[in-house]
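Chains B and E, in that order, are what the protein sequence lines are. Those letters in the first sequence? Residues 1 to 388, by the numbering used here. Those letters in the second sequence? Residues 1001 to 1483, by the numbering used here.
Careful, some of the hints might be misleading.
To be verified - In silico SDA-like cross-links for lysine to any residue, where the CA-CA straight-line distance does not exceed 25 Å:
hint : chain 1 : residue 1 : chain 2 : residue 2
1    : E       : K1037     : E       : Y1017
2    : B       : K35       : E       : K1212
3    : B       : K34       : E       : T1448
What the hints assert, rightly or not - For the chain B half of the interface with chain E, some residues (derived, Cβ under 10 Å), not all of them:
hint : residue
4    : I289
5    : G313
6    : E357
7    : F370
It is worth saying that the hints were derived from the structure and are not from the lab. If you're wondering where the values come from, they're calculated on a predicted model, not measured in any experiment. Every residue, glycine too, gets a C-beta built ideally from N, C-alpha and C.
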Amino acid sequence: METVAVIFGGRSAEHDVSIITALSAIIKPLELSKKYRVEAIYITKDGAWYWDEKLKDLDLYKSGKIKDFTRKNQPVSLKFEGGLTLVKSGRQGLRKSSRKIDVVFPAMHGTYGEDGALMGLLDMATVAYVGCDLASSTIAMDKILSKEIAIANQIPVTKFVKATRDEINQDIETVIKRVNANLSYPVFVKPTHLGSSIGISRAANETALTNGLEVAAHYDDAVLIEEEVPNLVEVTLPIIGNDDLTPALLEQPLTKPEDFFDFDTKYLRGGKKGKGQGGAKGSQGYSKIPAELPKDLYKKALELGLRTYRTVGCQGIARVDMLIDTKSTAVYFNEINPLPGSLYAHNWHAAGISSVELVERLVTLAKDRFNAQQKLATTFDTNFLQQF
Amino acid sequence: MKNFIKAITVFYTPKTYPRTIVYMLQTTDYQPAAYLKWFWRTQNFNKVIVRRTLNETKAAKQLLIGLYIGITLQLLLGLLYIFLWHWHNLAGGLVFGVAVIISYPIIWAHLITVPLVGARILIVHPKEKAKILASGRIFKKHKAIKIAIAGSYGKTSMKELLLAVLSEGKNVAATPANMNVASSHAIFAESLSGKEDILLIEYGEGGPGDVKRFAQTTHPTHGIITGLAPAHLDHYKSVEAAGEDIFSLAQYLKNKNIYVNSESPSTETFIQPEFNLYNQKGALGWVVRDIKINLKGTSFSLKKANKEIAVKSTLLGRHQVGPIALSVTLAEHFGMSSEQIIAGVASAKSFEHRMQAYQLSGGWVIDDTYNGNIEGVRAGTQLLIDLSAKRKIYVTPGLVDQGKENEGVHLEMGRLIAGSKPDLVVLMKNSVTDFIVKGLKFGGYKGTTRIEENPLQFYNNLGDFIASGDIVLMQNDWPDNYA
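Isolated chain E (complex conformation) (with noise of 0.2 Å):
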């Protein structure tokens, strides 16, 4: 009763109310269709400002002032019904001003995202329709060669490789960060200076017939396919209708030029005879010998005929491998000498949350919270195999956006972690935690399990649970409008 009591009073908070609607509108990126599902997934209102604080903004302050005289005026409306009920006898004013008064949480919530929409429909999207369209000219005039990078994972890292590698012997230019897409395309198109001998696109698709458009526009001459994972599975339903829009790049280079990650389980029944595979066996004939790993880097060899090629790099774990062979091979194939390769791996490093490891209270910690597929976790549970420590400790909230999938991808979770025998499991408590408690089960895990209520407390205080000898991996992150 008390919490029930708690929750309805933060609705009427001013202080508290528009700041909390005005952070779900920014942690969905002013998206009002998945603002709104927040908004309606939401059973207490006073947990939903968790990981950070409203970020003020100017697009933030103008829609926080919107939001009180919207709510003023309606208050004044419900008040100025309850007078003429009171004062000029106004039948039903007094039912219709209390309604009036108690519905505002409710009414704003849905109008505040009126000015998002319009601004959307008639400002936003006209420009960038119209940048696209440029761009489209920009990029098909351009004589570089153009590498287009889609994946459901792996693809700003694949795209960052490729950058610091070929950057070594080539003028290189790439879509900045993890900007993938039309829009940010477009910019990047914008920023070109015409001389580049290789312009790097990463392909970022969020539904059916992204990957698809992105190549009619930015004109790829080669391709490069990462990987194949249940993501965003709230618009493309299955993995296979993932995989088709993923695949479309090859279609539009005639299976030409398209270099596919054979390492990806999901991408084997798109996989055409002409495509050329890269794995932790090698890419283009090349042969990956000696493949060593610890919390420094991932060092091996690449040999063909009679030449050697030995790379080290600051890039963690088994599934780098790959990657770097594909990045190394190609560099090759495009005439850079063996010493400027050496340099290029040696100079990649590790994107924020991706891997990076860190030393904490003597203990170390890999920071994988950026991932979020199942390919990741794979990816993170080998490393933790393929590594010594005295005490191994995996923690993760679980994955978002798994969709249908949700309890099949958590399960099989739970069985990866299992086998990499960690000694405590650490859990961010939520609607997939009893799944992956399943799949450790199912997986025989004979270590401990801890759940976390608290997962901030937890992050924060690591220091506090780990010492020297201790490895902890930290896989996936679990935003608020997931919660």
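Next up, chain B with everything else stripped away, as it sits in the complex (with noise of 0.2 Å):
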């Protein structure tokens, strides 16, 4: 039986996202299937890694003994010796256990994980792991840079001015008076690598405007300001796959402009904001699947979906987010999230893809793409040594 380590947690704005993600949508179907063995892997707000049967149970996170469990328990070593294992004292010290991974299913929302961190630690321990890999983490969770290779590429986005943090916080009013040159109220302030739609605002006006940046600017290094699409449909399109692609359907959040897709609407009200209705749990029954929309609509936003995911260079899995102009039938590539929030299984149940089918086929996907790159030529012998 194959192993596979499921990680989880970490130090991001995200984290407490991702212990859903890990436990309920891929530790749950992946020991559902009785495929694979299990491995937990908790990171601590402040980076401390932990592997243990009991980091699978919910319960400790919400009642908050996990942090009597990280007083009690020692740290997860990581061995890289012909792959990645696992090492861990027990709690005398005296008896050490290991495991062998041969799997990684990163579950890390945010920094220091799905922004390509963890994938690189990943590529240098040689372990197949799911999902996207570093370069494609990496530009997918700064929406700056995908914005920009996605100009690069013919892929029409919305307007947008960039700010840093120092810019808004020495000279806030020189970025105020860019984005009155360059773009018109109302505009989206948001956070350039965060996702879960945290630190995200929309502005009217100037006041509006100085208070997003401020907040954007508490959250990253780095601010995309961005014209608001008029007559908008916002939709979002979760993908799998390495070449060839599998599309889930085109989901079209059930939000107003004013009221849109923030962190509360998406995780804690379960529904629209506001009404707390639509759904039972968590991201489920905020959307419309599929989106309604004309059909020769629906279908160019599911190209342009999955002509992105291309050009970023995505495998494994991502959710691809488009606004949609139903005036001017444009449709502008708006993000891309390597990891959506608990795999948008509800998403994929909708399309017939269940949730343990989903986790199998991502596994596969990934073992797929790390065989394939163990094909490729790292290094080759040069004299170039011995020329000194």
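Please dock the two separately framed chains into a single complex, following the hints provided.
Pasting the structure below:
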């Protein structure tokens, strides 16, 4: 039986979302498949790694007992020797246990995980892992960089302005002037690297823009300011695959521009913002699946989503968010999320792929990519050193 | 060895063992014979409480307190013998004391049944007997049409369907839920106003002579026999014996006003020329046409001479056509209008866990876990054939109470499942699993078979296994006392 290690938590504003993704959408279906031994690796908010069966229990985190756990247990060590091996000392430091990992399933959202940092580590360890690689994760998690790459590949994006945290902190007026000169209100202000809609705000005037910039700069060192799309329908498309892509269904969040898709709407209220309706659990129920669009527009958005996934170089799984002006039928790439919260399992269910099948396919895709990479030559013999 | 020690330890765990004993009693409805049978069959008392927990009713609490007091007294007695051996040289005191202490789990597992048996003989039985006698007088005096519904399966569904249809135009009273034994009939009789037009009385046969006794008490004017299949075979011993009892209803009615489901193959040998037969082709001279079945329900029309009634029901499956046809034609026979009949059929709802369809993770689940016989499996697998889906999944633990016919019934079950061509068959591991697997093989099943060791885990996480385009049919239940 193959061993799959699920890594979650981490030094990220989306630490808690990651726990839900790992426990409910990844570990549970992986175990239900009965095809894998599943190891849970939890990274604390200050970056310590732990490996234990108990880490699969949501109550440990909900009750706050995780603090006792981390105090009483030794962090795990990683050994990079012919792959990745977990090594753990017993409580008295006497009994050591170790486990060789066949596939890693990163369940990290945001910084030090979804942004490519973890993928770099896993590449160094020479172990197969699920999802986007270092390069595509880095691009995807940088909203400015991904838009610039999209523009270079003739993928339409909305008009935007970028600003650094230093600019905002030291001379916010200049940033506001730049926005006023290039964009029309209302605008959206977004931290460049965060997902799950954290730190995002909508600004209809300069006062709101000032607040929005300060909030975004609190979370990130770079900030994106972009124009709102008129006659907006927001859609999102989860996709899996390496070379052969399988899209789920275009999903349309049921939000108005004034109560856009923020963290509360997605994860806490269980439905349309302010009403708490539309679904019992998490991100399910706040959207229409499939999105209600004319056939041609649906097809156009679907194709743009797939093209963007390929352009950014995503593999395994990602979710492409798009903005549609229904009047002009223009479709814009908005952002790409290399690890959708809870894998967007609700959408895959609607598309005919169960949670168990989804994680099985993702593990297979990870192995396929890894095996293909192992066939590539990364070194060659030279007489370079002999010349010295 | 580790498991053996664990299994022994549970006997001497004060927190667990008494609760396990009371749970077993509660699960077997405080029937000492069924409880003791289960007790002696159980190999690991750690695995008894699986599907639910002890419901701490007044009776359960009293039994628990009684057990704790009894066990404590026995332990004290054992210690007293050891004390006397140690301090007063009582001959054999040590051996006897230890024996008294270690034997308490076995002793109290049996002693606990004494108050139950006593209360049943001294209090419950005399009271029930008086009530049943009184109910006989009430039923005899009542002027209503009294329809008795008997059969190995489908009784409650038939009764609920008739209740829904006939209530649109008549004052109808029916025995509640699946309360279908003499004591339930007595409670039902007490609740009657005397002004009802029609009484629907369900007969829940449990052993030889039951149906005859029910008929003698309830004085039916009409009888419906919903089908015959292996059920309660621990008491009836054979399907023929069960048939003799069920068809004693026809003898009581002198073969008049008897309606028999002729789709049940086992009824064939009992059918008399005077009987009215119903099936998916029709009933009482009415002919069924244009049957349509999907996940929303069943629709068809009934035609006789120039009259036609088109009905739509939310009840699922081809096997519902016969009962609906009988309900419609009886209602028409009793003088109800077509409008009333159509509204009545539309209002009939499926009973809990009986072909109940609901959506989960985008797929459709048909919950037929109440079913417990091979005819239900035939109906379920036929439904699976009738419905179209991207992926069909059949889930079952098998059937309980099949007596000597256990192997044959489960081989047949496997064949029926194979015939419905599901993509995936999920079997809950137990003593009949191998028979079903063999039946699947005989039936030429080519799909995937998955055997689940932990049924609860599977049921609780079903949503993770399915998605849009899937149809999951879950049939039969396997309570803890059959594990």
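Taking the hints in turn, this is what the structure says about them:
| no. | hint | in the structure |
| --- | --- | --- |
| 1 | E/K1037 / E/Y1017 | holds, 17 Å |
| 2 | B/K35 / E/K1212 | violated, 55 Å |
| 3 | B/K34 / E/T1448 | holds, 15 Å |
| 4 | I289 | holds, 9 Å |
| 5 | G313 | violated, 28 Å |
| 6 | E357 | holds, 7 Å |
| 7 | F370 | violated, 26 Å |
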